[in-house]
Structure formats: structure tokens, C-alpha cells
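Student: Fit chains B, C, D, E and F to the given chain A structure using the hints.
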Amino acid sequence: MKFGILIKESPYNFQAFDTAYNFVKAAIEMGHEIIGIFFYDDAVYAGNKYLEPPQGDRNIKSYMDDLKSRGVRLVVCVAAGKRRGLTQDTVSESAEISGLGQLLELSIESDRLVTF
Amino acid sequence: MKFGILIKESPYNFQAFDTAYNFVKAAIEMGHEIIGIFFYDDAVYAGNKYLEPPQGDRNIKSYMDDLKSRGVRLVVCVAAGKRRGLTQDTVSESAEISGLGQLLELSIESDRLVTF
Amino acid sequence: MEDQKSKAKIMFLCKTAPYGTIYEQEVIEAMIMFSSYEQDIRVAFIGDGVFSLKKGQNPSLINIKNFAQTYLVLIDDFEVSHLYVEKESLDERGMKEEDLLTEVEVLQRADLISKIDEMKVVLPF
Amino acid sequence: MEDQKSKAKIMFLCKTAPYGTIYEQEVIEAMIMFSSYEQDIRVAFIGDGVFSLKKGQNPSLINIKNFAQTYLVLIDDFEVSHLYVEKESLDERGMKEEDLLTEVEVLQRADLISKIDEMKVVLPF
Amino acid sequence: MQMLNIIKKSPYETSSLSNCLKYIKTGDVILFTEDGIYAAKKGGMFEKFVSDVSQTCSIYYLFPDTEARGIKSDEIISIAKPVDYQGFVALVANSSKSITW
Amino acid sequence: MQMLNIIKKSPYETSSLSNCLKYIKTGDVILFTEDGIYAAKKGGMFEKFVSDVSQTCSIYYLFPDTEARGIKSDEIISIAKPVDYQGFVALVANSSKSITW
Chain A
1 MKFGILIKES PYNFQAFDTA YNFVKAAIEM GHEIIGIFFY DDAVYAGNKY LEPPQGDRNI
61 KSYMDDLKSR GVRLVVCVAA GKRRGLTQDT VSESAEISGL GQLLELSIES DRLVTF
Chain B
117 MKFGILIKES PYNFQAFDTA YNFVKAAIEM GHEIIGIFFY DDAVYAGNKY LEPPQGDRNI
177 KSYMDDLKSR GVRLVVCVAA GKRRGLTQDT VSESAEISGL GQLLELSIES DRLVTF
Chain C
233 MEDQKSKAKI MFLCKTAPYG TIYEQEVIEA MIMFSSYEQD IRVAFIGDGV FSLKKGQNPS
293 LINIKNFAQT YLVLIDDFEV SHLYVEKESL DERGMKEEDL LTEVEVLQRA DLISKIDEMK
353 VVLPF
Chain D
358 MEDQKSKAKI MFLCKTAPYG TIYEQEVIEA MIMFSSYEQD IRVAFIGDGV FSLKKGQNPS
418 LINIKNFAQT YLVLIDDFEV SHLYVEKESL DERGMKEEDL LTEVEVLQRA DLISKIDEMK
478 VVLPF
Chain E
483 MQMLNIIKKS PYETSSLSNC LKYIKTGDVI LFTEDGIYAA KKGGMFEKFV SDVSQTCSIY
543 YLFPDTEARG IKSDEIISIA KPVDYQGFVA LVANSSKSIT W
Chain F
584 MQMLNIIKKS PYETSSLSNC LKYIKTGDVI LFTEDGIYAA KKGGMFEKFV SDVSQTCSIY
644 YLFPDTEARG IKSDEIISIA KPVDYQGFVA LVANSSKSIT W
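Protein chains in written order, with this note's numbering: chain A, 1 to 116; chain B, 117 to 232; chain C, 233 to 357; chain D, 358 to 482; chain E, 483 to 583; chain F, 584 to 684.
Rather than coming from a laboratory, the hints here were simulated on the basis of the structure. Misleading hints may appear alongside valid ones.
Cβ-Cβ distance ranges computed for the label pairs, FRET-style [what the hints assert, rightly or not]:
{"id": "1", "chain 1": "D", "residue 1": "R466", "chain 2": "E", "residue 2": "A575", "range": "33 to 39 Å"}
{"id": "2", "chain 1": "C", "residue 1": "D349", "chain 2": "F", "residue 2": "S637", "range": "16 to 22 Å"}
{"id": "3", "chain 1": "D", "residue 1": "N420", "chain 2": "F", "residue 2": "A676", "range": "55 to 61 Å"}
{"id": "4", "chain 1": "C", "residue 1": "F310", "chain 2": "B", "residue 2": "T203", "range": "22 to 28 Å"}
{"id": "5", "chain 1": "F", "residue 1": "A676", "chain 2": "E", "residue 2": "A575", "range": "54 to 60 Å"}
Below, computed lysine-lysine pairings styled on DSSO-like, alpha-carbon distance capped at 30 Å [as the list claims (entries may be wrong)]:
{"id": "6", "chain 1": "C", "residue 1": "K239", "chain 2": "A", "residue 2": "K2"}
{"id": "7", "chain 1": "D", "residue 1": "K477", "chain 2": "D", "residue 2": "K366"}
{"id": "8", "chain 1": "F", "residue 1": "K655", "chain 2": "A", "residue 2": "K68"}
{"id": "9", "chain 1": "D", "residue 1": "K366", "chain 2": "E", "residue 2": "K507"}
{"id": "10", "chain 1": "F", "residue 1": "K625", "chain 2": "D", "residue 2": "K453"}
{"id": "11", "chain 1": "C", "residue 1": "K297", "chain 2": "C", "residue 2": "K287"}
{"id": "12", "chain 1": "F", "residue 1": "K680", "chain 2": "E", "residue 2": "K530"}
{"id": "13", "chain 1": "D", "residue 1": "K412", "chain 2": "F", "residue 2": "K625"}
{"id": "14", "chain 1": "F", "residue 1": "K680", "chain 2": "F", "residue 2": "K605"}
{"id": "15", "chain 1": "E", "residue 1": "K504", "chain 2": "D", "residue 2": "K364"}
{"id": "16", "chain 1": "F", "residue 1": "K625", "chain 2": "D", "residue 2": "K444"}
{"id": "17", "chain 1": "F", "residue 1": "K664", "chain 2": "F", "residue 2": "K631"}
{"id": "18", "chain 1": "C", "residue 1": "K241", "chain 2": "F", "residue 2": "K605"}
{"id": "19", "chain 1": "E", "residue 1": "K504", "chain 2": "F", "residue 2": "K625"}
{"id": "20", "chain 1": "C", "residue 1": "K241", "chain 2": "F", "residue 2": "K680"}
{"id": "21", "chain 1": "C", "residue 1": "K352", "chain 2": "F", "residue 2": "K608"}
{"id": "22", "chain 1": "F", "residue 1": "K605", "chain 2": "C", "residue 2": "K287"}
{"id": "23", "chain 1": "D", "residue 1": "K444", "chain 2": "E", "residue 2": "K507"}
{"id": "24", "chain 1": "A", "residue 1": "K25", "chain 2": "A", "residue 2": "K82"}
{"id": "25", "chain 1": "C", "residue 1": "K319", "chain 2": "F", "residue 2": "K680"}
{"id": "26", "chain 1": "C", "residue 1": "K352", "chain 2": "C", "residue 2": "K239"}
{"id": "27", "chain 1": "A", "residue 1": "K25", "chain 2": "C", "residue 2": "K241"}
{"id": "28", "chain 1": "C", "residue 1": "K287", "chain 2": "E", "residue 2": "K524"}
{"id": "29", "chain 1": "E", "residue 1": "K563", "chain 2": "E", "residue 2": "K530"}
{"id": "30", "chain 1": "D", "residue 1": "K411", "chain 2": "F", "residue 2": "K625"}
{"id": "31", "chain 1": "C", "residue 1": "K297", "chain 2": "B", "residue 2": "K184"}
{"id": "32", "chain 1": "B", "residue 1": "K184", "chain 2": "D", "residue 2": "K477"}
{"id": "33", "chain 1": "F", "residue 1": "K625", "chain 2": "A", "residue 2": "K2"}
{"id": "34", "chain 1": "A", "residue 1": "K2", "chain 2": "A", "residue 2": "K25"}
{"id": "35", "chain 1": "F", "residue 1": "K608", "chain 2": "C", "residue 2": "K319"}
{"id": "36", "chain 1": "D", "residue 1": "K422", "chain 2": "D", "residue 2": "K453"}
{"id": "37", "chain 1": "E", "residue 1": "K507", "chain 2": "B", "residue 2": "K118"}
{"id": "38", "chain 1": "B", "residue 1": "K165", "chain 2": "C", "residue 2": "K352"}
{"id": "39", "chain 1": "F", "residue 1": "K655", "chain 2": "D", "residue 2": "K412"}
{"id": "40", "chain 1": "D", "residue 1": "K453", "chain 2": "F", "residue 2": "K608"}
Idealized CB from N, CA, C, for every residue including glycine.
The shape of chain A in the complex, shown without the other chains (with noise of 0.2 Å):
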């Protein structure tokens, strides 16, 4: 089956992050496809490069990298990243800018959407 996620709630503050990347990795592991996450809303700021997090902490930049080598695309909304600060000189390698239609994009194509 074809999954679409939508990841609203910024990281490290909330669970959002932590319960998608798991509930991604579970869904590969069954055979599924993810075809894309999106960040909106807070959500974008998984996508900063700069993410330094204490050893034994959550690092929401290696889940990233470690989603994006699973071959998932992670997809930041333009918009919402430029009024906080994610653009092409703050975006991780793992993340794309992109628009509102991406989110339209899995919202047709997938089987099921899923927000965190």
C-alpha cells in the first residue's frame, strides 16, 4: 500500500517526529510504500542542517538521514520554512524545499495519509 505522510508539530518539542519516523520504518518493514513526508507548520524545522542535539538524545538529523537512505523523500514546505528560517542555506542535505502541491501530490497518490 501506498502511505503519505504530513508531520505538523515541530521536533524535540512534541513526539510528532519521533512516533512518524517509527511508525515509517514499521511500514517499510511490512513491504509498504512511503511515498513522501511532509513538513509543514513547525514540522519544518526536522529539515535544519544545523541540529546539534547532546549525545543520548534524540538526533532528529540522523533519523532524517537514516529515512531519506531508506528512500524516502522528505519534502519542506517553501513557505512555511522561509518565514522560520529553513532555506537553501539552512535545509539539511537529506530534505527538499518545496510547495503546498507536494502535499496535494500525496494527498491524491496515496492510499492513505497519515498527520502527525
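Tutor: Positioned in the frame of chain A, the structure of chains B, C, D, E and F alone reads:
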């Protein structure tokens, strides 16, 4: 009277920064002293120099510059900032990065501490 | 005109009050973008979301843009096929239909549940 | 020993459940820092904050650190003078004193209100 | 000296107001700001709670926030008094401390 | 086909659960995740609401989240069934759509 300010919520996503900004301006106009604003939790994102809101939107970066020009110290928590990508590479000129000791100092030295 | 059945039915479920959070602002940005792709886009206001339709909003004192104006043109100028507002949510908040800034379809909760049931995707904001 | 009166009375008011948000983690970082400055630091758990003291926490499956261990040493190793937990908040959540991971002062709400009243600063988390 | 209680979240969506009401003492002050102002709206679900607590406490609301949301003065319960940002500062100055719920 | 309702916020602090319960239909599914799991705790304030809705709906909770918070299986109301992340994925796959409240 000496006021200390603590902001905890992320800018744009919540109104906390906006309310604090208007509060601080009013306090200064009334002759009070703002001995510092401490940014903790997701509020540290206000110190990002890359914020680029669209025209007509709230401009948190210019609000920060305005506060700084009024002599207000803007202190971003180093630990909360690091995990969120707010480092010497990304912090705006108006803000400084420092430790939680600064929040304690605001708690001790201010006549009133207000949380937003 | 396209066959209605080929369009994806997508609902924005607006359940948050305006200004205190950014959700209303960013959901409007999403509505406008979605509506340009010729899908079947619905918008439902429930809970505190009904406050987004209150008339007489003037956020100039808090330096925020008046996003509510956009609702006036969503159906006419954009391809949003329906704006629903829930009767029960209005009642709980002491609001009447004449308190709203534009004409929307006021639905009973039971009818809104049926609408939600028809959707392919529901996006909560 | 310093004169108690020269110390600022500061209370961390912990009212949020652990893990779902970062508040517990970041308030602990603040408690540890504050406690090294020889002030009069109190910590009160009310509302969902009492869940932070639940024993048997094991966040390894969600890849988050077990911050609760810190509470075991706050009073002994750090200069936190009192940890309070509110009886009514425990009751509402079906929790008993023996469900807590460490010994804390269980206070009735009325007594906690008196403690809050004595503080110079209350920091809500 | 009275304590200032700041309610900034909607009472319909969060427990901010109900938490505050559990801790408030006679003589304390409540200020509704941001989405908290809906608590003071006439005809809403919280009108009675706010009227009740006004017997022993003073109730204020931040006028720029009601104005922003299209809530006119006559839609606010009459025992609540408007303040602007300077009034907010004065409330803080005149209280021994504040708690933001 | 049933709809999946995801509750991730504490019922004590937010209206997520009460909002969800207003829209749920017979045959729908509720999954408690993150701080939402406290709704399914025995002896808590929401035990009765969740038991009532279980007459017409299936109730699940995300086991890693109860484990994290020190809530043992025997502290969860018995009509609620545990799932891991794969179980969560299966619930989504087996529902026509999901709403995160």
C-alpha cells in the same frame, strides 16, 4: 520596576512572541526597565538570522532588532538552541547565546518575571 | 467540465481559533494552493475553528494580517466547492449565523459526519 | 549556611506529562542549573505533571532518554529543597503514592497554594 | 498582595482555565489574553465559571486580542474589564507575581 | 469501512478525546498514542468515556508509549488492545482513512 521576560513557545506558530513584544514595548514606554528576555524551549527559533517572512506577515527578525535597539538583552538558551539548530552559525546579530544561569539571574534580579 | 468522480475528495478540518496559533494562516495557504489543482476541496469549521469565521476581525493592534478576508473569495475565486460550519460548535460558543463574515453552509454535526465519511483524505488544522 | 531570607524562592511548576512534549526534559535541565546557584529551589508537580514521577518508565522503545531518574537525585545531590506532588492530581489520574518512583512530599492542593504564595517566581512548564 | 493569573489558551481546547481556577485565591486577578479571551465571551460555555470567580477575583481581558478576533466589548461579560498592553504591564506591576497557565 | 481516530494529546490537558468522541461512528477505531494513552488508564477520569465508546468501537493503544510512561498492561482498561508500530500501520491500512485529533 525591573521586568524579566521568559518566552517558551515558538514564534509564528504561537502568539506568545507577539504578545511579549507588545508587552515589552509598553513597559519601556511606561518607564520600566526590561533586564532581559530569555528564550527557552521552542522560543529559541526567534533568534534565527535566516527568518524570511513574506511581505505583510509578522517580521520576527525585525521585532528582535527593534527590541535590541531599545536596549533589551535577547538571550537564547544554548542547550535548547543547539538541539534546534540555533548556534553561532545561525543566530541573529540581535540575539546572544547563553546558559540557563541567565534565566536564574532574571528570576533573582527582576522585580517581576513574566512567562509568555 | 471534469467528471466529479475522478477528483480526489479532500477536506480541511479547521478546528483551531485564529491568531493564537498559525494554523488558520497556514491552512489558508494550503487551501489556496490545493484549490488551483481542480480537485474536490471542502473546508469544515468545527470546535474553535468556527471563530475563524467571526465577522468584524481586526488584528491590526496585534500586527497580524486579517486572513479571514480570504474566506470571502474561496468559493467564488478559487475551486473550493463547499465551506461547512457546524451548528453545534456555533451554539456552544454563543455564536449565531449572523455573526459570521460570509455565507457558509451551516450543518448539523450528524450531517457533517456524513460529509467527512465521503472524503478520501481529512487534513486536521 | 546562608541566611534563608537572602535566597530567592523559585518554584518550577511542572504541569505537563513526560515524553509527549519536551517540557519535562528541558525543565530538568533548568532545575539542575538553578540548583547549583544556592537559591531556594522548589519543584511542584500538578495536573499531568504527576505522570513524570510514575515509576517503571522505560522510554527505550520510543528512543527517548529516561529523564525520570534525575528526580531520584535532585534533593540529595542538587540543592533542590523540596519536591511537592499534589494529592488531588494523583487522585484524578488514578495514581497512589506507591506508584511514584521516589519519595516526595504529597501535599493537599490548599497546602500547595500556600507554598506557591510564598514564592518570588513561579516558572510554569 | 494579589497574584496575576494569565490565561492565553482557549478554554474549549485546553485545561488552562480550569487549572487556573483550581489554584486561584480570593483577591487574585485573572487576565485573559490571546485565545484565552474566548473564556469571557457572553453566551459561551465558560460564562458561568468566569462570572462565579468574579465574586472573589478581578477579571480583565486584553483588548487588542478581543478586537483582533472580532469580539466586541458588548459580547464580553460585563464584569470583565478591558486593558491594553500598558494595562497588562500595570497588572503585572501591581501583583506580587504572575503565573501563565 | 471504518475510520481510524488517532488521539495523541492528554485528555486531561486538551479536548482531543472529547472532540473525537463527538464525531465517532459505530464501527470506527480509536488508537491512543503519545500522551493520548492516559485516556485508557484504569482509575483515571476518562475510564468511563472510553469504556462506553468501546461498546460500538474498537480501542487500541500504542504499547511503546504506555511502556515509556511506566503504565503497565494491567493498568490499562481491559477492553483496549495493545499494538506496536507495525500494528499501528496495520490499523491505518485496514481503515478507509485516519483523522489525527
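Student: Hint by hint, say whether it matches the structure.
Tutor: Do the hints match the structure? See the list:
1. D:R466 - E:A575: 33 to 39 Å: Violated - the Cβ-Cβ distance for D:R466 and E:A575, about 28 Å, lies outside 33 to 39 Å.
2. C:D349 - F:S637: 16 to 22 Å: holds (21 Å)
3. D:N420 - F:A676: 55 to 61 Å: Given a distance of about 24 Å, which is not inside 55 to 61 Å, the answer is violated.
4. C:F310 - B:T203: 22 to 28 Å: About 41 Å separates the Cβ atoms of C:F310 and B:T203, which means 22 to 28 Å is violated.
5. F:A676 - E:A575: 54 to 60 Å: With a Cβ separation near 58 Å, F:A676 and E:A575 satisfy 54 to 60 Å, so the hint holds.
6. C:K239 - A:K2: Distance of about 18 Å is within 30 Å: holds.
7. D:K477 - D:K366: holds (5 Å)
8. F:K655 - A:K68: violated (35 Å)
9. D:K366 - E:K507: Between D:K366 and E:K507 the Cα gap is close to 20 Å, so the pair holds against 30 Å.
10. F:K625 - D:K453: At roughly 12 Å apart (the allowed maximum being 30 Å), D:K453 and F:K625 satisfy the hint.
11. C:K297 - C:K287: holds (15 Å)
12. F:K680 - E:K530: The hint is violated at about 39 Å.
13. D:K412 - F:K625: holds (16 Å)
14. F:K680 - F:K605: holds (17 Å)
15. E:K504 - D:K364: Given that 30 Å is the threshold and the Cα spacing comes to 28 Å, the pair holds.
16. F:K625 - D:K444: holds (17 Å)
17. F:K664 - F:K631: At roughly 16 Å apart (the allowed maximum being 30 Å), F:K631 and F:K664 satisfy the hint.
18. C:K241 - F:K605: This hinted pair holds, its Cα atoms lying about 22 Å apart.
19. E:K504 - F:K625: holds (24 Å)
20. C:K241 - F:K680: holds (12 Å)
21. C:K352 - F:K608: Answer holds: C:K352 to F:K608 is near 17 Å, not above 30 Å.
22. F:K605 - C:K287: holds (26 Å)
23. D:K444 - E:K507: holds (19 Å)
24. A:K25 - A:K82: holds (29 Å)
25. C:K319 - F:K680: holds (24 Å)
26. C:K352 - C:K239: holds (10 Å)
27. A:K25 - C:K241: holds (28 Å)
28. C:K287 - E:K524: Holds: C:K287 and E:K524 sit about 16 Å apart, inside 30 Å.
29. E:K563 - E:K530: It holds: about 16 Å lies between the C-alpha atoms, which stays within 30 Å.
30. D:K411 - F:K625: With Cα atoms ~14 Å apart, D:K411 and F:K625 stay inside 30 Å; holds.
31. C:K297 - B:K184: holds (24 Å)
32. B:K184 - D:K477: holds (27 Å)
33. F:K625 - A:K2: violated (37 Å)
34. A:K2 - A:K25: This hinted pair holds, its Cα atoms lying about 14 Å apart.
35. F:K608 - C:K319: holds (19 Å)
36. D:K422 - D:K453: Holds. D:K422 to D:K453 sits at ~25 Å (cutoff 30 Å).
37. E:K507 - B:K118: holds (26 Å)
38. B:K165 - C:K352: violated (40 Å)
39. F:K655 - D:K412: holds (10 Å)
40. D:K453 - F:K608: Given pair D:K453, F:K608 is violated - Cα atoms ~35 Å apart, limit 30 Å.
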